[in-house]
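S.K.: Protein chains in written order, with this note's numbering: chain L, 46 to 300; chain H, 46 to 300; chain X, 46 to 300; chain S, 46 to 300; chain C, 46 to 300; chain R, 46 to 300; chain G, 46 to 300; chain F, 46 to 300.
Accuracy of the hints is not assured; some may be wrong.
[What the hints assert, rightly or not] Straight-line alpha carbon distances no greater than 35 Å define the calculated DSBU-like cross-link-like pairs of lysine-lysine that follow:
no.: 1; chain 1: X; residue 1: K51; chain 2: R; residue 2: K116
no.: 2; chain 1: C; residue 1: K65; chain 2: H; residue 2: K116
no.: 3; chain 1: C; residue 1: K219; chain 2: F; residue 2: K300
no.: 4; chain 1: H; residue 1: K47; chain 2: H; residue 2: K129
no.: 5; chain 1: L; residue 1: K189; chain 2: L; residue 2: K218
no.: 6; chain 1: F; residue 1: K114; chain 2: G; residue 2: K116
no.: 7; chain 1: F; residue 1: K300; chain 2: F; residue 2: K114
no.: 8; chain 1: S; residue 1: K163; chain 2: H; residue 2: K114
no.: 9; chain 1: L; residue 1: K189; chain 2: X; residue 2: K68
no.: 10; chain 1: X; residue 1: K157; chain 2: X; residue 2: K116
no.: 11; chain 1: R; residue 1: K129; chain 2: R; residue 2: K157
Treat the hints as calculated values from the structure; they're not laboratory data.
Number of protein chains: 8
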Amino acid sequence: MKNILKDLIDEKISIEEAEKLLKADHIENVGELAKLDVFRKTRTGVPEVIYAQSKTPQMVLEIVTSFLKSKKFSIISRYNEEQKEKIVETFQNNNFDLIINDLGKIIVIKDKSFDFEKQNGIVGIITAGMSDIPVAEEAKEILKAMGCEVITSYDIGIAGIHRIFSPLSDMVKKGVHVVIVCAGMEGTLPGVVASLVDVPVIGVPISSGYGLGANGKGALITMLQSCSPGLMVVNIDNGFGAGASAALIANKMAK
Amino acid sequence: MKNILKDLIDEKISIEEAEKLLKADHIENVGELAKLDVFRKTRTGVPEVIYAQSKTPQMVLEIVTSFLKSKKFSIISRYNEEQKEKIVETFQNNNFDLIINDLGKIIVIKDKSFDFEKQNGIVGIITAGMSDIPVAEEAKEILKAMGCEVITSYDIGIAGIHRIFSPLSDMVKKGVHVVIVCAGMEGTLPGVVASLVDVPVIGVPISSGYGLGANGKGALITMLQSCSPGLMVVNIDNGFGAGASAALIANKMAK
Amino acid sequence: MKNILKDLIDEKISIEEAEKLLKADHIENVGELAKLDVFRKTRTGVPEVIYAQSKTPQMVLEIVTSFLKSKKFSIISRYNEEQKEKIVETFQNNNFDLIINDLGKIIVIKDKSFDFEKQNGIVGIITAGMSDIPVAEEAKEILKAMGCEVITSYDIGIAGIHRIFSPLSDMVKKGVHVVIVCAGMEGTLPGVVASLVDVPVIGVPISSGYGLGANGKGALITMLQSCSPGLMVVNIDNGFGAGASAALIANKMAK
Amino acid sequence: MKNILKDLIDEKISIEEAEKLLKADHIENVGELAKLDVFRKTRTGVPEVIYAQSKTPQMVLEIVTSFLKSKKFSIISRYNEEQKEKIVETFQNNNFDLIINDLGKIIVIKDKSFDFEKQNGIVGIITAGMSDIPVAEEAKEILKAMGCEVITSYDIGIAGIHRIFSPLSDMVKKGVHVVIVCAGMEGTLPGVVASLVDVPVIGVPISSGYGLGANGKGALITMLQSCSPGLMVVNIDNGFGAGASAALIANKMAK
Amino acid sequence: MKNILKDLIDEKISIEEAEKLLKADHIENVGELAKLDVFRKTRTGVPEVIYAQSKTPQMVLEIVTSFLKSKKFSIISRYNEEQKEKIVETFQNNNFDLIINDLGKIIVIKDKSFDFEKQNGIVGIITAGMSDIPVAEEAKEILKAMGCEVITSYDIGIAGIHRIFSPLSDMVKKGVHVVIVCAGMEGTLPGVVASLVDVPVIGVPISSGYGLGANGKGALITMLQSCSPGLMVVNIDNGFGAGASAALIANKMAK
Amino acid sequence: MKNILKDLIDEKISIEEAEKLLKADHIENVGELAKLDVFRKTRTGVPEVIYAQSKTPQMVLEIVTSFLKSKKFSIISRYNEEQKEKIVETFQNNNFDLIINDLGKIIVIKDKSFDFEKQNGIVGIITAGMSDIPVAEEAKEILKAMGCEVITSYDIGIAGIHRIFSPLSDMVKKGVHVVIVCAGMEGTLPGVVASLVDVPVIGVPISSGYGLGANGKGALITMLQSCSPGLMVVNIDNGFGAGASAALIANKMAK
Amino acid sequence: MKNILKDLIDEKISIEEAEKLLKADHIENVGELAKLDVFRKTRTGVPEVIYAQSKTPQMVLEIVTSFLKSKKFSIISRYNEEQKEKIVETFQNNNFDLIINDLGKIIVIKDKSFDFEKQNGIVGIITAGMSDIPVAEEAKEILKAMGCEVITSYDIGIAGIHRIFSPLSDMVKKGVHVVIVCAGMEGTLPGVVASLVDVPVIGVPISSGYGLGANGKGALITMLQSCSPGLMVVNIDNGFGAGASAALIANKMAK
Amino acid sequence: MKNILKDLIDEKISIEEAEKLLKADHIENVGELAKLDVFRKTRTGVPEVIYAQSKTPQMVLEIVTSFLKSKKFSIISRYNEEQKEKIVETFQNNNFDLIINDLGKIIVIKDKSFDFEKQNGIVGIITAGMSDIPVAEEAKEILKAMGCEVITSYDIGIAGIHRIFSPLSDMVKKGVHVVIVCAGMEGTLPGVVASLVDVPVIGVPISSGYGLGANGKGALITMLQSCSPGLMVVNIDNGFGAGASAALIANKMAK
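Using the sequences provided together with the hints, build the complete structure.
M.R.: Pasting the structure below:
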């Protein structure tokens with residue numbers, strides 16, 4: 046800023062030019078801090094995830110490569126078959142570990158020498174039906190990358206609330222800090238779980254359901270209307286957001 | 046129809062005139078049947094209810110009077126104070142019994158000599174909160190006018206699902222044929238009840254709730270999305286409809 | 046619970062450990078009852094249905110097999126061609142009866158030695174148009190599995206309310222206990238039927254219709270707004286729910 | 046336009062000035078035609094109506110006075126008590142006829158020497174319930190101001206489709222050219238009427254109804270989804286629009 | 046009805062049986078009138094149209110054949126290629142005339158000996174863009190089948206309101222009785238036309254448009270909100286309904 | 046259960062009676078556990094709050110009194126003036142402490158001998174505008190009743206995101222465990238805060254805003270769409286839910 | 046930042062403490078820039094406006110007073126009578142000029158010595174109906190405070206698009222840089238104006254209109270769907286936003 | 046008009062015929078002006094764009110050819126592969142320059158002898174994510190055809206607000222007159238940019254996002270609710286509209 050003012054005094058630049066440069070200078074300063082912010086954020090352990098949807102395989106590859114240079118690992122979500130093949134072809138070798146989660150549509154690529162640091166947070170994930178599993182798996186991989194222990198309990202085909210009690214009891218015994226509950230349709234499961242446990246519960250509405258309230262809207266509304274204290278919500282199908290929030294909470298509790 | 050055609054042939058009327066009269070004749074015939082239908086309906090025991098909202102007190106009075114002539118009783122719903130005063134002033138005498146339900150905003154006026162015929166149907170009504178009670182009371186009065194025994198269980202001020210179990214158990218012991226469950230907010234109670242009993246359950250969404258899903262829309266969606274077989278739904282705050290349907294079912298089961 | 050407290054007194058476990066175990070114990074107790082509830086529900090005759098949508102053929106096969114071990118029959122709904130082929134290939138043999146309902150997308154597999162117990166309930170199903178038939182067939186198969194006699198009347202191609210009167214009259218003569226009416230578009234048929242008969246009517250909105258009110262929303266709203274007492278509603282396209290509720294009512298009336 | 050170009054050539058104005066004037070000239074020309082259009086429109090018989098809502102009594106008075114100068118009559122709709130008093134006070138004298146329709150919230154002020162010209166169109170207006178009457182009355186006054194004969198049939202308090210047949214038959218006998226049907230709630234009446242008569246039917250959804258589809262939205266959707274040919278729709282509560290369209294059609298048919 | 050009562054008196058049937066038969070009798074009577082109604086309706090000239098969507102080719106063929114037996118013509122709308130081939134294969138011979146409108150997805154099959162009776166109604170159809178044409182063509186074919194003369198003016202590719210004036214002027218010269226205006230996007234064209242002509246205008250919202258108000262909802266709202274008297278509306282893409290209503294009006298005006 | 050079976054064997058009751066009693070027994074068992082659950086929940090520190098809206102002053106008084114007997118404190122939310130007067134009149138004496146929060150519409154009544162147990166959780170509350178303060182105060186009182194330290198920063202009248210930085214910095218210095226951010230209008234503040242801190246953030250949409258997205262819907266959508274990890278949401282205006290969840294998290298972190 | 050690190054090295058603070066302080070430091074830095082931004086913004090000429098709605102008169106007074114100290118003027122919008130009286134009482138004296146715009150609900154208080162600097166931008170404001178005027182007046186006052194010349198053309202009571210042409214022509218002659226068009230109902234006027242002029246047009250939907258598309262939603266959708274290039278939109282009733290944007294554009298064009 | 050009246054006087058035509066001709070004459074006059082308007086509009090530099098969606102390749106070709114005759118260039122948007130091939134095949138020769146923008150789905154065909162006239166307006170385009178780029182490119186091509194200089198800054202794969210500061214600073218240094226900001230999801234970027242720069246900002250909501258607020262609706266609402274003065278909005282994905290408005294503003298500012 047000083048330089049600009051000096052140039053102005055020395056009549057090297059006009060007032061209009063100086064005004065323009067001062068405005069640009071202001072924006073750059075904000076930008077510098079914004080960049081710092083990003084680095085700090087990364088340091089706290091929420092990894093950036095490459096959302097592959099609507100990118101070409103080549104584009105995904107380039108971003109992954111650039112990530113691996115600075116961070117020793119890279120996470121890709123919502124990939125398609127073509128993108129997956131390109132990645133497998135490139136990184137399936139002695140230098141990298143590839144974790145391919147086909148259900149959750151997440152790939153984790155890690156330098157052989159690297160491992161996610163354990164943080165001691167313990168998070169439970171419960172699903173109510175088959176269609177909830179991909180979103181649950183997305184949450185699981187984020188949680189693992191943030192150093193949490195994850196205990197999952199997925200329904201494997203038939204509706205029935207009674208199936209959740211035994212694994213929920215196990216979760217409590219193991220000392221979970223947070224429980225993520227994925228549910229579509231009428232979305233009542235997160236409220237039920239929140240009334241049974243005394244740890245925070247994160248509800249993830251799933252884009253199932255039909256007729257009035259279809260595509261997860263019914264589940265979202267039920268969770269928002271629920272009277273159970275301790276229940277918080279993220280957007281429909283937002284497994285990444287639920288996982289990141291749960292990890293933040295669980296790891297701090299574990300300290 | 047014959048007369049019209051005869052007049053046509055006798056050239057008493059023109060073809061255009063005949064056509065016009067035949068059309069009118071057709072409509073009148075349909076109307077005759079429609080009228081018959083109304084009488085039959087009344088006979089089966091669903092009473093016509095005078096919806097007082099947006100009528101002047103005088104207008105309500107006239108309709109009530111005309112009803113009392115042909116039927117020995119009259120039911121008024123959603124009345125206001127002014128309408129109520131007019132009715133009390135007119136009918137509080139030796140000829141009539143007045144049942145004034147201020148919570149449900151229903152007045153029943155009966156000839157002293159008249160009583161609703163007992164039908165043996167037993168219906169339970171459960172509410173989840175304070176704001177559900179007016180609608181529940183509306184249902185109750187219809188049920189009683191249709192000859193049913195009614196067992197009610199209303200929450201008296203504090204949220205808590207545990208309060209419904211004991212009265213629900215009582216209802217089962219007494220042999221309820223149908224259970225009506227009124228619920229606003231997230232509207233999960235009807236689904237819970239439907240999973241505990243093996244009689245049909247009628248869910249009535251109540252226009253409470255706030256934010257996303259306010260005014261009963263959240264409750265309606267939850268009930269429609271619910272997986273519990275045996276659960277059916279009527280429109281938001283439709284106590285009259287729920288009561289009439291429950292009575293139809295319960296009285297037939299009781300036979 | 047006693048054991049945990051004893052261990053605590055004997056100092057075998059810490060207070061924290063005891064608290065954790067007591068919480069888990071509580072959840073397990075609720076779970077036990079929830080499980081009992083499921084068995085009771087099954088006993089009352091509402092069969093669990095395997096919703097095949099978004100499952101792999103292998104997964105469907107495994108669930109079907111596990112069902113057949115404990116129950117002698119299995120019902121699969123909303124299947125696709127690949128799932129169907131897998132099932133036909135596996136179960137089309139001397140041990141099983143296969144009922145494949147391609148319109149309703151329902152398959153019933155039964156042990157040759159097994160038959161659904163007759164319950165004497167009689168249910169009528171009426172559809173207003175071609176696109177209503179799959180949902181009607183879904184309801185029909187559930188009704189049959191719950192022991193009901195089913196009388197159907199499907200429109201076979203041309204709009205026209207006059208086509209329903211003759212079969213409706215037949216249904217009444219045969220003594221139907223409940224009528225299910227499937228309707229899309231403006232969805233007025235259930236209200237018309239409810240005004241003509243004195244048995245309960247279950248309206249099923251169908252996801253047809255176009256423009257404002259498309260995908261069954263118009264039909265659902267009309268049914269909810271309808272003034273006809275005796276009309277109850279389930280969610281759009283919910284043939285299973287309508288069938289299960291109708292069977293519950295009809296079988297109890299038939300007793 | 047010529048003058049502008051001439052001034053430009055004579056260098057009385059600059060090119061920029063000429064451009065600006067040419068643009069303004071264009072807009073004025075369009076405006077001239079637009080004004081002509083308005084006079085022509087008035088001549089065809091659709092009167093301009095002064096929508097009083099959100100105007101001060103003084104403002105309404107001024108507009109009315111200016112109308113009366115050029116047209117010998119003036120129509121005010123949706124007035125409040127204060128506006129009405131002002132008008133009555135001013136125009137209740139030997140020079141004017143005042144027609145005050147308190148139900149429809151319409152006032153017609155006419156020079157004693159003036160009468161609306163008879164046009165021979167005959168229009169029927171049918172309402173399904175009490176809350177439909179104000180809108181029906183609004184339509185009626187417009188129709189009368191456009192020279193039509195109007196036959197009304199208003200329900201006076203109790204639901205029941207059978208009440209419309211007899212007056213509908215009368216309307217047909219009298220040779221109605223168009224029928225306007227006002228209906229709230231599930232809004233099925235216009236479709237029923239359209240299936241019984243062979244003249245065009247204009248459906249007016251009324252802002253009654255409750256729960257899902259409240260405020261006339263359910264009625265509007267039902268009318269739009271209706272399969273009955275011959276049924277057209279205007280916006281919720283738009284009595285003025287329905288009346289004006291009906292008069293246009295009826296008067297041309299009557300010629 | 047008499048017979049039933051006689052049988053009851055003669056004790057050939059029980060009271061219960063009689064009650065059941067009387068109810069069925071009532072429904073059959075209503076049905077008889079409903080059937081008569083259908084025949085009358087057909088006679089007034091609104092032809093029944095076979096909506097081919099979601100029917101098998103064989104099913105379409107059967108309905109068409111049954112229609113041709115009683116009526117000498119048959120109209121199929123919204124057909125697909127497979128259905129079209131089946132129809133062409135069957136009816137392209139010396140006995141029938143085939144009119145295949147590929148834009149409007151309408152096929153008219155007529156007995157060589159048959160022609161639609163001329164009714165003298167004249168209807169104009171105006172479209173604002175390319176995507177409006179299929180719906181306009183649907184309206185056109187119905188109008189022709191109902192004996193109207195049709196004058197169309199379709200935009201052939203570029204937006205621009207100025208293109209409608211010249212053909213609209215032609216329509217007025219030729220004496221159109223009604224104008225149908227199809228418009229998507231912001232849907233203002235019907236209001237503009239209604240302000241320029243003094244005949245009724247039927248607006249057909251078209252399911253184009255994007256973002257907020259997409260799929261014709263924006264166009265529908267604009268037409269309903271429009272202040273132009275003389276404008277009435279049908280549902281989005283409802284070319285059939287617009288055509289049938291326009292023909293009813295135009296043919297009566299032409300008389 | 047044993048007794049029922051014994052009575053059955055001893056033929057004291059019929060099979061039907063036994064079945065009915067077993068069903069009732071089952072429901073009572075579930076109810077027992079549900080009751081236990083309620084006591085456990087209270088023990089964990091989420092106090093039950095008496096939602097005063099739509100209750101009579103007398104009714105509120107009775108519930109409060111019954112609470113004070115068993116718990117030594119009572120919290121009333123969303124009260125009106127009449128209810129407040131009744132409470133002040135009754136409890137403003139030597140036995141009780143009254144904390145009346147007129148902004149948040151919350152009253153806390155405590156036995157003089159009683160104090161909420163300190164739990165060491167620290168929670169920050171930030172608001173973006175004036176209309177957010179009542180909801181923020183509701184959250185604050187719950188937090189205090191659950192033993193948390195609360196740091197608030199409320200905007201006092203003028204929009205401007207710059208005002209939040211200094212208090213946010215203070216909150217971080219003091220070691221907040223969770224930040225609650227209340228925001229209406231476009232609702233971006235919670236996302237901004239979540240990108241600046243590394244503790245969990247709970248967004249509370251406030252029912253302000255106008256036009257498209259009014260009544261907090263825009264704010265809710267923005268928060269759900271936000272990409273910031275660590276951000277969770279409760280329903281519009283749900284100060285109680287946000288406070289209870291924040292306390293659960295903060296107190297566990299503080300341990 | 047340096048100091049914190051130094052203290053850490055000197056072991057005056059722990060690592061945990063240092064981390065906490067660094068985070069706080071970062072937030073403060075962002076805050077500093079944010080504050081600078083606010084000052085810069087004010088300098089560019091968009092004045093901060095005190096939104097009086099939901100503030101007490103005393104609160105409004107305090108904010109106004111604090112503004113007047115640093116800026117020599119203050120603008121209050123959406124005030125009520127009580128707030129207005131308080132302001133008049135306080136500032137109606139020799140030191141200040143008070144401009145009270147009762148239609149637009151805006152008060153401008155200026156030091157006698159102060160005047161808004163003229164910027165030469167010229168902006169036209171056109172309204173379609175009575176209910177658009179308050180919003181137009183709000184825009185006008187902002188424009189004047191930002192130094193623009195404003196030319197208004199308000200409809201004074203009767204619908205009719207022809208009334209806008211003459212003043213629009215005047216605006217063009219006077220060289221307007223931007224035109225703001227306020228419109229409710231079907232909201233077509235902004236599109237019409239945008240097709241007549243070659244300067245940018247800002248459409249402001251007004252919260253009038255009824256039925257489907259009520260409260261300005263129809264007008265907003267029409268403006269967004271409009272094909273006219275040069276038309277941009279702000280939220281419903283957002284006169285302030287439209288005025289500020291128009292001034293920014295007009296003043297830059299005038300330079 | 047005179048001729049018609051003369052013919053009437055000379056009794057060459059009847060009164061009815063004259064009336065009809067006068068009406069037609071009026072419409073033609075309006076049409077003439079409308080045509081003039083179109084030519085004027087084109088002259089101001091907003092080019093007409095051929096929206097290829099839902100047109101056959103042959104149809105597109107014909108329109109393009111007709112445009113090239115009168116204007117020396119032609120712009121096609123939203124083309125598909127088949128349309129593109131047809132165009133390339135026809136116009137890739139010595140007479141024309143072809144600019145094919147596959148990202149933005151825009152083709153510009155220019156006579157070799159023709160170039161868009163430079164207008165000196167400078168416009169910046171900023172996108173927040175990958176899916177915003179096609180719409181941004183659409184805006185860019187329109188801007189270039191209207192003679193503007195365009196500076197773009199597209200995110201190339203990873204979320205992060207910090208990436209926009211540096212290019213935004215560059216834009217300010219280069220003196221942009223307007224900034225277009227495309228954003229989906231929660232859509233906050235346009236508000237952020239508007240708070241950093243003092244030139245007008247046009248927000249373009251992009252049809253990305255998921256769950257509640259999907260398909261750009263969340264982004265649109267956020268932009269409309271934003272408090273930042275200087276921010277205006279166009280419809281979701283409307284790159285063409287944003288580009289045309291920006292060019293109008295920028296070119297006038299540059300003068």
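S.K.: Please go over all the hints and tell whether each is borne out by the structure.
M.R.: Consistency of the hints with the structure:
A C-alpha spacing of about 29 Å is found between K51(X) and K116(R), which places the hinted pair at or below 35 Å, so the restraint holds. Only pairs whose Cα atoms come within 35 Å are accepted, and K65(C) paired with K116(H) is accepted, the gap being roughly 25 Å. The suggested pairing of K219(C) with K300(F) is violated, with an alpha-carbon distance near 51 Å, which exceeds 35 Å. Between K47(H) and K129(H) the alpha-carbon distance is near 52 Å, which puts this suggested pair outside the 35 Å criterion.
Note on K189(L) and K218(L): the hinted pairing holds, with a Cα-Cα distance of about 20 Å set against a maximum of 35 Å. For the proposed pair K114(F) and K116(G), the alpha carbon gap of about 60 Å is over 35 Å, so the pair is violated. Under the criterion of a C-alpha separation no larger than 35 Å, the hint pairing K300(F) with K114(F) is consistent with the structure, at around 31 Å. A C-alpha spacing of about 44 Å is found between K163(S) and K114(H), which places the hinted pair above 35 Å, so the restraint is violated.
At roughly 26 Å between alpha-carbon atoms, K189(L) and K68(X) fall within 35 Å of each other, so this suggested pair holds. For the hint linking K157(X) to K116(X), the alpha-carbon distance of about 13 Å falls within 35 Å, and the restraint holds. The straight-line distance between the Cα atoms of K129(R) and K157(R) is roughly 20 Å, inside the 35 Å bound, and the hint therefore holds.
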